[in-house]
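Hey, can you work out the whole structure from these sequences and the hints?
Protein chains in written order, with this note's numbering: chain A, 2 to 300; chain B, 1340 to 1610.
In case anyone wonders, no lab produced these hints; they're calculated from the structure. Be aware that a few hints might be false.
[To be verified] To give a feel for the contact side, a few chain B residues facing chain A, derived at Cβ under 7 Å: (1) Ala1388; (2) Ala1389; (3) Ala1520; (4) Pro1546.
Glycine included, C-beta positions come from ideal geometry on N, C-alpha and C.
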Amino acid sequence: MRIVAEHLTHIYNAKTPFAAKALDDVSLTIGEGEFFGIIGQTGSGKSTFVQHLNGLIRVPASLRRKKKKDDPTVLRAGEFDLTSKKTDFRALRRQVGMVFQYPENQLFAETVFEDVAFGYKNFAEGKPSPEETERAVREAIEAVGLPYGEIKDVSPFDLSGGQKRRVAIAGVIVTKPETLVLDEPAAGLDPIGKREVMELLHRLHESWCKTVVIVSHDMDEIAENCTRVAVFHEGKVKYVLPPRELFRRTEELLELGLDVPLTAKLCLALGRRGIDIDCDFTTEDFLRKVLARKKGGAC
Amino acid sequence: MLKDVSFGQYYPVSSFVHRLDPRFKIVFLIAFIVAIFLAKEFLALGIAAALLLLAILFARIPAGKVLRSVRGVLFLVLFTAAINIFFHGGETVYWSYGILQVTKEGILFSAFLVIRLFLLVVCSSLLTYTTTPVSLTDGIESLLTPLKWVHFPVHELALIMSIALRFIPILMDETDRIIGAQKARGANLDSGSPAKRIRAIVPVLIPLLLSAFRRADELGDAMDARCYSGGKKRTKYKKLRFTWRDLIAFLLIAGLVAGIVVLRYFPVFPV
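Structure follows, in structure tokens:
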């Protein structure tokens, strides 16, 4: 689904001494079918933004109560208007799956099966039959690359960190959401676990959820995977660009206190020696271009 | 959500009252409570209320905040007042039905009780509004020091208190996050029968308990790693000091207590 936000502002603890502006006039459109990345420092508002997408954080009540004509705030996810008073949040949350940071912390059930089935049963119309539930849970667990038969009766707390995270993701995608939002999906995993999670997200993007939005600190992850990237800085959106164009602005990003992919740093260093590499900042493309230059005898 | 809970929370401004020594603030609070329980007549309560109002003004706490602290006990206060109006008895009877009797004395007495309870709640929340949890525990630890003579673990108690207080906001945040995660999975926490709601809490409670235990473990390890070994020979980062502010506050409170004691034995308008 297409996600549109215009002039979105959010203040935590408004009208108290603890007031903190988390989003400041954010306008952003995420197209259907994108693999969209959101980057920014801690406290830049990216988590606040994504929590708006399935209504966990809502636009201020004053705005919902009487839709003022002059208020420019727009927040839409597909056919859902989130600035309206009558948003059907159940339907919305079924369509927009949300995976929080360290999602393994949400596991609670006695078995993996029960935990994954939790979301399915909650969103089902009426009471789903055991066969339906089992099929949905099996599909979700297999979709995240875990062996259903071996794992379904195990306690989720006995699994390894990477497995727990997969189970938690399965617990969200079990309702086949159209859009999947993930906050730091690979945080705290070892490099292999990280790669596996990103590969998993690509598989899901191809076959399971049309649109994927990820929030990340890891620029390499963003460069390798995303179609477009939004850069948040102090509650505002600084850039929305494909990684290929974004990471050409290496110096500007470093100035914002953000990192850039290793490939971008190498391109910058090579550029300073007069060797311009025009790549899309994935490791593969970078290597190919560098090797091509070498064969061409330019350096 | 939970972040909006404000009862008894520290209100961060800088003021005369905020900068009082926490030890004395606790002593003043106790003195104030004793004084309003010694009070026998409206004039005495009036003086106490005036002093409290002065303290609130000097603490720069908005009136709304103060009123909100009262809201929590409003039901209790009204209930007490109602019971007393009907059952107190007295000479001048306005209305009666069976054992229920509304009398002039009853009305006056319950008005007296209501004022006393309000003063009690407001002055206690003034302490928590103007004192950070950390300095509050510092103050309590310092006040309890004499108990060390009888081998009471004062330092450990203070440590437990400050850790508990420190963890309240962390666990609230955590609860918020877990509630969010379960809501995103379609958990329905706000409606349904009481039995359903209790069952709906399980997916929040279990992750919360697990995270509390994990944090406790981590904190224990971190303290071990820094060779923490209890109270002996530890110095304070913030030394508590008696200043001119405390002297002024002391004189005011002492004046109040003395005044109320005098009024108790030489009443002007007895109830």
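**OP:** Let me know if the C-beta of B/Pro1546 comes in closer than 7 Å to any C-beta of chain A, holds or violated.
**Re:** holds (5 Å)
Original post:
Is the shortest C-beta separation between B/Ala1389 and chain A less than 7 Å?
Top reply: Hint on B/Ala1389: violated, closest Cβ of chain A at ~27 Å, above 7 Å.
Original post:
Given B/Ala1520 was flagged as interface, is its beta-carbon under 7 Å from a beta-carbon of chain A?
Top reply: holds (4 Å)
Original post:
Hey, does the B/Ala1388 contact hint survive, CB to chain A under 7 Å?
Top reply: violated (26 Å)
Hint compliance for this structure: hints 1 and 2 are not met, and every other hint is.
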